[in-house]
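Counting from 1, one number per residue, gives the positions in the sequence shown under the working numbering.
Treat the hints with care, since some could be wrong.
[To be verified] Simulated restraints on C-beta separations:
| id | residue 1 | residue 2 | range |
| --- | --- | --- | --- |
| 1 | Val36 | Ala77 | 22 to 28 Å |
| 2 | Val7 | Lys38 | 21 to 27 Å |
| 3 | Glu115 | Val52 | 46 to 52 Å |
| 4 | Gly66 | Thr112 | 29 to 35 Å |
| 5 | Val7 | Lys30 | 33 to 39 Å |
| 6 | Asn39 | Ala16 | 49 to 55 Å |
| 7 | Glu130 | Lys2 | 21 to 27 Å |
| 8 | Lys85 | Ala46 | 37 to 43 Å |
| 9 | Glu130 | Gly171 | 39 to 45 Å |
[To be verified] Mimicking DMTMM-like on lysine to aspartate or glutamate, the simulated pairs with C-alpha atoms at most 25 Å apart in a straight line are:
| id | residue 1 | residue 2 |
| --- | --- | --- |
| 10 | Lys31 | Glu130 |
| 11 | Lys113 | Glu130 |
| 12 | Lys31 | Glu101 |
If you are wondering where the hints come from, they were derived from the structure by calculation, not from laboratory data. In this text, a Cβ means the ideal position worked out from N, Cα and C, and glycines have one as well.
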Amino acid sequence: YKYAGRVYWILKYMGAENVKIIDGGLEGWKKGRKPVTKNPTKVKPATFTPKVNKSVLATLADVKAGKAVLLDVRPLAEFNGSEGKTDKLGHIKGAVNFHFEDLKAAGGNLKTKAEMEAALKKAGITADKEIILYCTSSVRAGVVYMALTTILGYKNVKVYDGAVYEWLSKGNSVVK
């Protein structure tokens with residue numbers, strides 16, 4: 001789920017237009033009674049020529065400028081620095097927290113569009129704002145990017161690909 005979102009965002013950054021994610025992954029596919037086979041699909045070779053789309057990438061300078069809503073998509077415990085596995089705990093000053101898992105319904109598939117909108121609105125995230133997403137390494141930010149842009153139609157969303165790793169490596173601090 002989170003890695004599919006990461007690949008989704010990378011492909012969008014590289015200029016791919018028709019990018020999709022299977023809702024619920026392979027298990028969701030099977031639950032939907034979609035066909036599954038053990039036979040490999042024969043694919044016609046193709047060439048992909050990247051056309052980098054810099055409009056979906058936020059830089060360190062963009063984050064420091066403070067003009068966008070900075071959305072940390074990690075669990076609250078990582079965001080507030082109370083628990084986690086690394087020394088990368090805490091958040092960039094001014095960031096708002098919205099856990100990426102809050103996009104998922106109980107069965108593992110994504111919530112409905114209305115449910116996502118309500119959850120995001122509760123966190124102060126609306127389509128009229130410029131939004132920069134990040135986490136520790138921007139793996140988890142990709143799925144939120146997909147939901148905001150593809151499902152909800154938000155127009156001004158970027159991923160800070162450097163994330164907390166770059167932020168701290170450049171001598172900046174986080175708030176705990």
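Verification of the supplied hints:
1. Val36 x Ala77: 22 to 28 Å: violated, 36 Å
2. Val7 x Lys38: 21 to 27 Å: Roughly 24 Å apart at Cβ, these two residues keep to the hinted range, so it holds.
3. Glu115 x Val52: 46 to 52 Å: violated, 33 Å
4. Gly66 x Thr112: 29 to 35 Å: holds, 33 Å
5. Val7 x Lys30: 33 to 39 Å: 21 Å Cβ-Cβ, so the 33 to 39 Å window is violated.
6. Asn39 x Ala16: 49 to 55 Å: violated, 26 Å
7. Glu130 x Lys2: 21 to 27 Å: About 23 Å separates the Cβ atoms of Glu130 and Lys2, which means 21 to 27 Å holds.
8. Lys85 x Ala46: 37 to 43 Å: holds, 39 Å
9. Glu130 x Gly171: 39 to 45 Å: violated, 25 Å
10. Lys31 x Glu130: violated, 36 Å
11. Lys113 x Glu130: Status holds; Cα separation ~19 Å.
12. Lys31 x Glu101: holds, 20 Å
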